[in-house]
Structures are given as structure tokens and as C-alpha cells.
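Trainee: Here is how the chains run, residue by residue.
2 protein chains.
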Amino acid sequence: MNEQQHFDVAVVGATGAVGQQMLKTLEQRDFPIKSLKLLSSKRSAGKQITFKGQSYTVEEATPESFQGVQLALFSAGGSVSKALVPEAIKHGAVCVDNTSAFRMDADVPLVVPEVNESDLRNHQGVIANPNCSTIQMVVALEPIRKKLGLKKVIVSTYQAVSGAGLEAVEEMEKQTRAILDGKEATAEVLPVAKEKRHYQIAFNAIPQIDVFQDNGYTFEEMKMINETKKIMHMPELEVAATCVRLPIETGHSESIYFETEQSGASVKEIQALLSEAPGITLQDNPAKQLYPLVTNAVGKNDVFVGRVRRDLDRDNGYHAWVVSDNLLKGAAWNSVQIAESLIKLNLLNK
Amino acid sequence: MNEQQHFDVAVVGATGAVGQQMLKTLEQRDFPIKSLKLLSSKRSAGKQITFKGQSYTVEEATPESFQGVQLALFSAGGSVSKALVPEAIKHGAVCVDNTSAFRMDADVPLVVPEVNESDLRNHQGVIANPNCSTIQMVVALEPIRKKLGLKKVIVSTYQAVSGAGLEAVEEMEKQTRAILDGKEATAEVLPVAKEKRHYQIAFNAIPQIDVFQDNGYTFEEMKMINETKKIMHMPELEVAATCVRLPIETGHSESIYFETEQSGASVKEIQALLSEAPGITLQDNPAKQLYPLVTNAVGKNDVFVGRVRRDLDRDNGYHAWVVSDNLLKGAAWNSVQIAESLIKLNLLNK
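So the sequences go chain by chain: A and B. Just so we're aligned, residue 1 is where the first sequence starts under the UniProt record's numbering, counting upward by one. Just so we're aligned, residue 1 is where the second sequence starts under the UniProt record's numbering, counting upward by one.
Extracted from the complex, chain A is given alone in its bound form (with noise of 0.2 Å):
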């Protein structure tokens, strides 16, 4: 990292559940700021917000918010991305952009720093940061691809509300007293809160995060599926998911099974590859019970993996389960993350 330049940077979003988070990342991480903007809708302006000791004022986001602005970490909704991303560029920030707004666009970097650091080479003044539960899968089978060649991949999700935003995270704590105490539990938020129909998430599975797709599958799932394949740069990779929504407040897992291009890999050499790869922890004995729990990844930005084991059928399937705080790997610190790598690369004044 360079030591001496510090940078003007501005936070789109900062009273959301990802802003929030990223600004206790960038304080954790020490990054090199030289003037903070805190930016929001108009609704959560004039709100407070402490950053290292110091009292911000929330502004609303403007395209005239941008003026002197190097890099801008946005995560305010796609439509905010959409109209003032371009604003900013204008005025020269680099932008590190949450949504899924430019994620599959070809000039748009989507960039996951363990995999694909090298892309950010190419940008254009904004990198998408990919999708939550993507992320922490492409984490966990790069260095199993890097190695063994990657054909097949199939995986289940179990995704938590935080993931949805506060609204979300408050309304299942709302619906689990309610229920506790044997009342009757309304449901406004979720599964997606523009949708018509609404479903209890305390004690349920919801089989739909996002909306619809015509082929059937929902968005989130068509993310999983396209990004993987974009990061990887292997569109002819075999992806499928399926997404859920679950009662829990933070923390993604994911069961996921996959083929080697190579055969007959031992778990051994599969654990070897992912506890020398960066940003995993392998969690990964059965006898003493360790394997990944939200419980242990929240508040954590590494993504753990456990449950390795050989598919029964196929001397190329493998399955394991892989978790990580979905606010963080899955969000603020992959988006810090790349602004590191930013700088690292002396891209942020390019």
C-alpha cells in the first residue's frame, strides 16, 4: 500500500447495512483518507454518523456531491448506482459500486481481489463488486480450479435477511416475538418488499431471494450463475443455484457441489489447496466437529470452508460447505478490498 497518499473519498449509502459496516471496515483497515463524504438518500440525510472519533453529517447524494471526490464506495440500491456512478466519474472518482447495476456490463471489471485482481487493470472509472453469495464461492473454488480445473458447479444457498437490509433484519426479529409469545406475525419486507406477496421468515425457508426470472430462476440465482462465470473468465463453466432466504440475522452458508476437470483428487490434497489459499479458513474435521457456523464467521472477514469430501459416485465431484458474514466478504470489505488493491496498483489516479 502506499504510505504516503491519503485520498478523498465519499461513502454512497453510509446509513445502510453494507455503508455501515464499510465504514467500520475502512476504520478497522486505517485506510488512507484524507476527507470522508458521507452520502445518502434524502430521507437518512442530517443523520450523525461517528468515524474515528469524528461527527458526520449524512448529505444527500447529488451529482454535485462528487467534486473532489478520488474513489467513491457506493451501496444505495441499483437506481442510485445507475444515476450517479456516471456523476462521479465526471468528476473523476474511481467508483467501487455494490449493486448489481453494471455487474455483467463487458467494460465493467466485477472483481473478487483473490481471483481476478488483475481486471481492475481495465476499468473505466467503475468496478462492480459482485454479488454476496457469489463472492464467498468463487473465494472458496479458485484455488481448487487453479489446480484441478473446475467443469461443474452446483450450489445451494442458506442466506440470511441482513442480506435484504435492516428493514428486513428487524422485521423477522418483529415476526419471532410475535410468534414466541403466540401472536400472529405480519409480513411486509420479505422476500422482496416490491413484490405483491409478502411471507413470515421467522421459523420458514424462503425459496426466493429477489425476483423472477422468465427461465424460472430468480434474479440472485442468475447472479450466482452469471458471475461465477464472468470472475472465473469461463463462460463455459456448468453453474446452477438455487437461493434462500432463512431466519437468520447475518451470515451466508452455501452447500455446494463441484467437478474437477481433473480426476481423483484426495480430500487431503483439496484441503491442502484451500488452507494455503488467500482469504479462506478451512474449518474441516469431523471427528472434533468443526466445520463452518455463521455463528463462529460473523464479524469476520475471511470465508471458511468445512465439510470436504469426495461425491460417492464421481471420481471428480467433490461437495463442501462454505460460509462467510455476508456485510463483509460478501460486501463492505470485498468493496475496501478492491480500493486497497486500487491503490496497491496505482489505479485510483489513472
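Think of the hints as simulated: they come from the structure by calculation, not from any bench. A quick note: this is a predicted structure, and the numbers were derived from the prediction, not measured. All C-beta atoms in this analysis are idealised placements derived from N, C-alpha and C, irrespective of residue type, glycine included. Please note: incorrect hints may appear among the correct ones.
As the list claims (entries may be wrong) - Cross-link-like lysine-lysine pairs, in silico, DSS-like; alpha carbons within 27 Å at most:
no.	chain 1	residue 1	chain 2	residue 2
1	B	147	B	229
2	A	183	B	183
3	B	146	B	344
4	A	152	B	229
5	B	300	B	268
6	A	152	A	229
7	A	183	B	24
8	A	268	B	152
9	B	174	B	146
10	A	300	B	183
11	A	288	B	196
12	A	47	A	24
13	A	146	A	300
14	B	24	B	34
15	A	174	B	288
16	B	196	A	300
17	B	194	A	288
18	B	288	A	196
19	B	268	A	152
Stated by the list, open to error - Here are a few chain B residues that sit away from chain A, every Cβ distance over 12 Å (derived from the structure):
no.	residue
20	68
21	77
22	82
23	310
Dock chain B against chain A, hints included.
Mentor: The following block gives chain B in isolation, referenced to the frame of chain A:
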């Protein structure tokens, strides 16, 4: 059903989570009972249980309890079944056993009536009721297998705590209240009561159900794999499972990927097969956000299937979401259904 004959029935494990559902189901089905014996461990003996408005005293199950019993429904744990099923058979009873004690014995039929009712004809005094998570999967897959053949199944489960008994349900509720009140949660029951380590289930996902085997799979996962092959008479079927416990009281969900022998069937064709099959309710309309949910399935006997969609890479690959009440079709209802089939096929007095 035989309209005249009534039977002397015993329920072993009458005070447990499944035993209570068995009694409710026998009542609802107006099962032809001449006499009813409620049996349990010494600890629960003496309790009073009401059945069809009549009060019964629960008795300790001993070898002598089965004198005069024609049908014995067992759901009191594997060790009880191992000890007492042979005694019940000596007394002439036909036993339907809801534990894993005899499931894989070559001379014991393992039966899901919608799939292999005719296997009942080979019984030698005991019929095994499969594992809850197996039952709902084979019910959903059977109509597809019949028409299109079946090559490969990969399932990830989303299982409720009631499958681990009433103590597990109580533990989850206690932990949930504690966490909502900002207190510490303690764990003593889940994932497996007799294991060394226990983990919080509230707001968590535990990728361990039952104990680990030497191959890295849990016993629950191996049950799904081996039982599916046995019930479907397909030792060559490729089956893989990852079983996960979740903070849901009752109702198991399953994300199932399957490959058929015959390629190219449309989603509509698969849906038609499912909607005509016995024991299945098809709930599959993404445009209307209609898909199976635990909260709708609990208290019902059917297996609910939805989110049927084609794999995007393989012409014979499909994905589906399957939900059922683990205490009913997964246990009590399937056992009573087996008993009804035994009467229908005149196999209770053989």
C-alpha cells in the same frame, strides 16, 4: 380398507414428538382400532393421554407389553426398537418401525406407499419407515423416475429441529428468546444430544445431523443415499446429500438437482407428472410467487413440490424445491399409511 375388522394396536414412544403425531393421525384417519396400548420408557410411564375422548395411561414398554397386539407402531429410538421389535414379533404383532434400526436389513421392507407399497408383501414381521428427509424426496422423484428414468440426485436439505425431538424444539425456543433479549444462549441438545460439542441453533445453520461416518458424510446423509436406492430398487442410482439443521420448528425443505435417463422433457411435462401423482401437491407458479413453504406445509400429509426448472447446462437436468411436514409424511403419517396398506393388502394377519 377392510370395513369390518378392527385391530389391537400398540404405539411405542407415545409421549414423543412423533408418537403424539401418530395418535393424532390414527384419530383423524379413524383407524380401525379394537384396543389401544400406549407404551413408553419407564421415565414417561404413568402419563395420561387422551385418544378419541378416552383417557389412556402410558405404560412402560416391556417384552410382555405385546401380548395380544396385532400392530405395533414404534417410534422410541433405535435401541428400543432393536430390543423390543423381536419380542413384539414373537407375540404375533406386525411392527412398523420409525427408527433406523432395521431399515437397511435385506429382509426388512423399507416402504413409502406411493413408491413401493408392494414390498410390504415380503415382510417378516417388521416394516421399516424411512428417514423423514428420504421420504419426501422419493415421493417427489418417483413420478419422474417412472416416466423419464432417473440417473443422478444431489440434495441439500433445510431440516427442522423437531426431527431431533421435543427437547431440541425447547432448546431452540429458549435460545431464540435469550438472543432477542440480548442474553447468552446455551446449547446442550443440538446438533446431536450424545455428541461432545453442542452448537446454538437459533439464527444459525448447522451442517451436521446425526453422527459423522468415516467417509466424511453424516449418518443422516448416508441414510438419504442408501435408503433412496433401496426404496426405488436402484442400487446404481447416483445420490449425494448434504443435511443441514435450521431454526425451524417443523417442516423439512429440500433443494434437489436430478438428472433423468430421458433427455429434453419440458418443465410443463414434469409439472404434469407431479400434479397427477399421489401424495403430491404441486405449488409452482413463479409469476404469482407460488412455491412450497414450511409455514404452509405443516399439519398436512402431502409432499409439496415447486420451483421446477431446467438445468441451464444439461438437457436431462432439473431443479426442484420440496417441502413436507417431517413429523407427518416424514414419520407418523407414513407409518399409519403403511399400516393402512397392510390392512388393504390383507398382510396384518399373515
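Trainee: If a hint holds in the structure, say so; if it does not, say that too.
Mentor: Verification of the hints:
| no. | hint | in the structure |
| --- | --- | --- |
| 1 | B:147 x B:229 | 17 Å, holds |
| 2 | A:183 x B:183 | 22 Å, holds |
| 3 | B:146 x B:344 | 23 Å, holds |
| 4 | A:152 x B:229 | 24 Å, holds |
| 5 | B:300 x B:268 | 25 Å, holds |
| 6 | A:152 x A:229 | 11 Å, holds |
| 7 | A:183 x B:24 | 24 Å, holds |
| 8 | A:268 x B:152 | 26 Å, holds |
| 9 | B:174 x B:146 | 45 Å, violated |
| 10 | A:300 x B:183 | 22 Å, holds |
| 11 | A:288 x B:196 | 8 Å, holds |
| 12 | A:47 x A:24 | 17 Å, holds |
| 13 | A:146 x A:300 | 25 Å, holds |
| 14 | B:24 x B:34 | 17 Å, holds |
| 15 | A:174 x B:288 | 26 Å, holds |
| 16 | B:196 x A:300 | 26 Å, holds |
| 17 | B:194 x A:288 | 13 Å, holds |
| 18 | B:288 x A:196 | 8 Å, holds |
| 19 | B:268 x A:152 | 26 Å, holds |
| 20 | 68 | 42 Å, holds |
| 21 | 77 | 21 Å, holds |
| 22 | 82 | 25 Å, holds |
| 23 | 310 | 8 Å, violated |
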